[in-house]
Amino acid sequence: MLTHLKELYRYRDLLFTLAARDIKVRYRQTFLGVAWALMQPLAYMLIFTVVFSGFGRVSSDGMPYPLFSYTGLVPWTFFATALGLAVNSIAANMSLVKKIYFPREVFPMGAILGCFMDFLIASVLVAALMVIYHVPVSVHVLWLPWLIGLELAFLLGMGLLAGALNVFFRDIKYIVPLCVQLGLFVTPVIYSTSEVPSSLRGWYMLNPMAVVIDGVRRVVLHGESPELATLMLSTAVVSLFVVLAYGYFKRVEVKFADLI
Amino acid sequence: MPDTWPIALDHIWKQYQLGSKHDSLRDAIPNLLKRLSGRNGPASDAGAFWALNDVSFHVPKGQTLGLIGPNGAGKSTILKLLSRICKQTKGTIYVGSRLAALIEVGAGFHPDLTGRENIFMNGTIMGLSRKDIRRLFDAIVAFSELEKFLDMPVKRYSSGMAVRLGFAVAAHVDPDILLIDEVLAVGDLSFQQKCYQRILDLKAKGTTMVFVSHNLDAVRRLCDRVVLLHEGRVVMDGDADTAIAAYHKNTFRKFRYETVQTPHGNEARDTSKDAEFVQVQVLDAEGRPQETIEAGQPFQVSLTLRTKRPIRQPSLTVAIERIDGQICHEASTEEAALRWDQWAGEGRIILEYPAPNLRPNTYMISAVMYESRNPAGVARMLGPVYFHITSDRISRGMVDLSHTWSVEQLA
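Listed in order, the protein sequences are those of chains X and U. Counting with this note's numbering, you get residues 1 to 260 for the letters of the first sequence. Counting with this note's numbering, you get residues 261 to 671 for the letters of the second sequence.
It is possible that part of the hints are untrue.
[Stated by the list, open to error] Below, in silico cross-link-like pairs of lysine-lysine (PhoX-like), each with a Cα-Cα straight-line distance of 20 Å or less:
(1) U/K415 to X/K24
(2) X/K255 to U/K391
(3) X/K98 to U/K568
(4) U/K415 to X/K255
(5) U/K391 to X/K6
(6) U/K347 to X/K250
Just so you know, the hints here were simulated from the structure itself, not pulled from any lab data. This structure is a prediction, so every number in the text was calculated from the model and none was measured.
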């Protein structure tokens, strides 16, 4: 494992170059350019606001619904987009995989990193909305790096596992987006965690994205700390998952070039 | 040991699956269930093929090793194993550090990025840091001669420009071990010259190299030692001239091409036709069937034809094509003003070459019989007949043109 990490460190510039390539290619020759990073969460925010706050009433824990939903949508959109790209990242770069050696994990990692910039841009609008709705900032936002780190780790584990499996079984690239779409309903994006029946709450919080989004809303909107026990447990589980997924990835990566 | 052998292959075997074993879950799940239930799945060896069979060789530091052999001999497989793209099935490989592989120039290019951006992209793929690339940037650009096109997306480059950029990056990686696969075949002549010079510079600096090419002249110029491969086995391991001569001479006799149905000629028939070639053979001056003719020696092509009905005003065209598809020669009875009213039953035509001047290579003979003015042809060979021209002397080019040299005193 240590030798793998050392080698990955040697190729760190490739990782950043790949991420930069993804960003450049995505927005080159587009009229709005990087502003597209805002479009997806904003569009969802508007629809959710009309449907769930206009037509039917969904509790937003006393927050203005646009701010409430947008705060959940930013990490969720990042998760959905990055995972979708990471899953297909190795199969999509097969011409490179067959011709040149380098640690293959740079592909899913680069895909995630490339989306991370979109995530940061979209996050700026959260701050703007907080100013508009007069929501005060508290010292608890210092929890954010941990929460974002948890999301990145979960994404990395999923990206490595699904990206490798997708080389062997192309079904994965259809299964994963389906699961992500369904996942929206077991993650507190549209609604608040407080609406989950307490009998199901333990199960509900097994979803690391539920922990992340619930945590983000608490520290950003409500000025309180995340649920510590849940966060600790989730962090431990996700860490173990990343190690196992990386181990699996490195074990099968030598077969990639033979299989395409 | 590792100090003396930057590259060491010991008893390497590499197996490939023919066709995909499982590309979708629909195939994989039943296989998994079968395995779990203890029943054997389909014999896994059925679709397997050994690309390398017990290949061993060591390369000392600073040596340039050439790998030659016909297509499918395993040359590229060895490069892929050395560069860690693939993994061997059996055996051990040692490869020293700081390796660069030029397996395909510009493999990492992204068409939407500019030349400048692609230099960074490709360089980091080859294992350089961004800092290294910034340091080498000017040299890379100068080598590629693409100063004016740096900010143009690579998708608008001509293929020659893309190759120049790719080689320029790769040539500046400055590795301890360099693997090169057939890349010099591209680009114009002056750029090829530049690439050779760069490779010779690296060689002079003590870089260990493995060079794969079909261009035997380049192999001879660059390599200290050559390994000749055939069907995944090492046939010969020696100095360049010996190995290349062996490739030219012996190997042509040994290597059998599948399209030749019988050792000396093509006897496959198509009975539905009005006429057919019963046998096509290459004969030596004494009329004995041969597969190999010494360069410059006379030979004949014998064509036996059988017709089911009389063919009116028949004519015959015979072509000699080099193995790479270049048509070297065509002869037709019409051109020779050889005319018959009709052809009935079986007969043999001999086409004689008293002083052929084809250079050593593998050639294919194909023939067509026509009826009067019908361009469709009434009989065609089912497959070409192969023969080899060999020589102890190594020479390039297609034909020997008779020539003389003369020198004039200038001062």
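Hint by hint, here is what the structure shows:
1. In summary, the hint linking U/K415 to X/K24 is supported, as the alpha carbons are separated by about 15 Å, within the 20 Å threshold.
2. This hinted pair does not check out: X/K255 and U/K391 have alpha carbons roughly 32 Å apart, beyond 20 Å.
3. Distance restraint check for X/K98 and U/K568: the Cα-Cα separation of roughly 54 Å exceeds the 20 Å cut-off, and the hinted pair is therefore not satisfied.
4. Proposed proximity of U/K415 and X/K255 is contradicted: the alpha carbons are some 31 Å apart, above 20 Å.
5. A threshold of 20 Å between alpha carbons decides the hint, and for U/K391 with X/K6 the separation of about 19 Å falls inside it, so the pair holds.
6. For the suggested pair U/K347 and X/K250, the alpha carbons sit about 13 Å apart, so the restraint of at most 20 Å is met.
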